[in-house]
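So the protein lines, in turn, are chains A and B.
Taking this note's numbering, the leading residue of the first sequence gets 765, the next gets one more, and so forth.
Taking this note's numbering, the leading residue of the second sequence gets 765, the next gets one more, and so forth.
Treat the hints loosely; a few may be bogus.
As the list claims (entries may be wrong) - Quick look at which bits of chain A chain B covers, simulated, 3 or more residues with Cβ under 8 angstroms: (1) 926-935; (2) 1064-1073.
Said to hold, decoys possible - Using C-beta positions, here's what the derived DEER-type ranges look like: (3) B:Ser939 to A:Lys1001: 41 to 49 angstroms; (4) A:Leu969 to B:Glu803: 52 to 60 angstroms; (5) B:Gly910 to A:Ser871: 18 to 26 angstroms; (6) A:Glu791 to B:Gly910: 20 to 28 angstroms; (7) A:Glu884 to B:Glu803: 20 to 28 angstroms; (8) A:Lys933 to B:Glu841: 29 to 37 angstroms; (9) A:Glu791 to B:Trp851: 38 to 46 angstroms.
Honestly, the hints are just simulated from the structure, not real lab data.
Built from N, CA and C at the ideal position, the CB exists for glycine as well.
There are 2 protein chains.
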Amino acid sequence: MKIAALAGGVGGAKLAQGLAKVLGSDELSIIVNTGDDFEHLGLYISPDIDTVCYTLADKANVSLGWGLKDETYKALEKIGQLNGPTWFKIGDSDLATHLMRTQKMKSGETLTHVTRDFCELWGIKNRVLPMSDDPVRTFVDTKEKGLLPFQEYFVKHQFELCIRGFYFKGIDSASPTKEVIDAIKTSDAVIICPSNPFVSIDPILSLRGIKDILKGKNVIAVSPLIGGKAIKGPLAKMFREMNIEPSVRAITDHYGEILDCLFFDQIDQVDMALEEHSCIILRATNILLPDIESRIRLAAEIVEFLKATNKD
Amino acid sequence: MKIAALAGGVGGAKLAQGLAKVLGSDELSIIVNTGDDFEHLGLYISPDIDTVCYTLADKANVSLGWGLKDETYKALEKIGQLNGPTWFKIGDSDLATHLMRTQKMKSGETLTHVTRDFCELWGIKNRVLPMSDDPVRTFVDTKEKGLLPFQEYFVKHQFELCIRGFYFKGIDSASPTKEVIDAIKTSDAVIICPSNPFVSIDPILSLRGIKDILKGKNVIAVSPLIGGKAIKGPLAKMFREMNIEPSVRAITDHYGEILDCLFFDQIDQVDMALEEHSCIILRATNILLPDIESRIRLAAEIVEFLKATNKD
């Protein structure tokens, strides 16, 4: 069984980790959002790629939700003393990742190539694929400050500002990589991980040709909401600011016709109309993924479901 | 009394620290070699500027002779794990200096400007002046491997290779900064610190116009040799490889007509011919500078001497 998983940061990384334990190394490709990528202190930073890789390598700082475990922040402290920016918390070990990636990309390597090499050195067996090697930059349109680069909204302003919309700069001229297209085309199913649909999954879906390929595929999403709330991050708040009730229906409506099945949490209610008239299969289960056991359990449940229902 | 001191790294920084304690903040400008500067991991690194600044700010790692005290090396360790270069040992706190400097220079600031700002933030009252804002890169011509960038010879190969000569790439098109020229022109005397003449002082002296200005100045050098040996580094070995006996005479011959006085160590012998026929004043004293007391003592002795003998 070949699976292509679409993922953003923390939530996506959790399910990806479960899938990596359940599937063979050749069976899983993880396609990761690069819309959050940005340049900071002259370094090319790819937050979602790092979160996915650090999680798969069991190096992630689980309590913070970003960066590496057992991290120190001496460089950051000294950067602050030199009046440099400290709102984006780069740890000393994490700096090595950014320095090395930046150097390699400056010398002409693609993000895809660098990510493949880092995965090998970190002992990650599955393929982690940046959605594109072309620059796509997510901007958030806010009532208070207009368009802001995503990391400024998310980290600097701690997503306190009110959302009006999203803009993926560069999306029209960006191509999904050959590796991404191949991974989706050759997959038996595509799993949309429980990442933020607006800022983690939509950049991937907005790349040229991706939705067309997905229409012919069995696409399963795991809801990023539990009890109408996001585990972490601004998703429920974003839905409300867009005048949408954060609910199971909000997720099925958002993904629309590409979606064949949604795994949602058993504590969530599904309105009758959705259940009766939608052609999307709705599966209630436990989608809280606090530890490796729960991630493996949900991944196994999805794989079982796919084996039983695959279109092909 | 206005003093312009010419300095390289460790040895120069020691005397500069003593001079900074003895002279007022407006009385001392330290002109620092930038021939050792290089790019590494995408960072602009200025080893002599850093050694001088860290020493003046009492942040230097005295036992290592480079970098900061209380330093950690987590980023370096992870860079190694990603197969990156680890021969140049950058600490986590030191990284902040290089990251911030690189960013500022990329945004168009000069090394002179960045150094001034860092000095202010580090509480350094004296002016630390890079010799030039134009790139000058010291290469060492070795018997074994031909021309090598200085840091590769010095750090990577631990100066084990045999020297044939020196080459300062860019020296013909580099200008001393306005600040450097002003500091020398307005000085009552110039002190050549006990730095390596070949690779720390010669790049400064080789800049367009510098020797001409120095000819009209009272120039005092402190010998970088004690008992025919360098305290640290390859100077005695370099002299021998150039078929010159490392001695007091080697230093006076090296600096030639620009030199008015040499402070050398009391354990060194001066040959009779030099003493009798040279017009250079030779002063034997204790030039070993292991601690702040010895640095202040030598600095005070030189300033006393200058007050008594100044040409003007």
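Within 38 to 46 angstroms or not, the Cβ separation of A:Glu791 and B:Trp851? holds (41 angstroms)
A range of 20 to 28 angstroms was offered for this pair. Does it hold for the Cβ distance of A:Glu884 and B:Glu803? holds (27 angstroms)
Could you tell me whether the CB distance from B:Gly910 to A:Ser871 stays inside 18 to 26 angstroms? holds (24 angstroms)
Should the hint that A:Lys933 and B:Glu841 are 29 to 37 angstroms apart at their CB atoms be regarded as holding? At 36 angstroms between Cβs, range holds.
Tell me if chain B covers the segment 926-935 of chain A under the three-residue, 8 angstroms CB rule, please? Our answer is that it is violated, as 0 residues pass the Cβ test (under 8 angstroms) against chain B, missing three.
Are there at least three residues in the segment 1064-1073 of chain A whose beta carbon sits under 8 angstroms from a beta carbon of chain B? violated (count 0)
Verdict for A:Leu969, B:Glu803 (Cβ pair) under range 52 to 60 angstroms: violated (40 angstroms)
Can the suggested window of 41 to 49 angstroms be confirmed for the beta-carbon pair B:Ser939 and A:Lys1001? Violated - the Cβ-Cβ distance for B:Ser939 and A:Lys1001, about 57 angstroms, lies outside 41 to 49 angstroms.
Regarding A:Glu791 and B:Gly910, is the given constraint of 20 to 28 angstroms on their beta-carbon distance met? violated (52 angstroms)
Taken one by one, the earlier hints fail for this structure at numbers 1, 2, 3, 4, 6, listed in ascending order.
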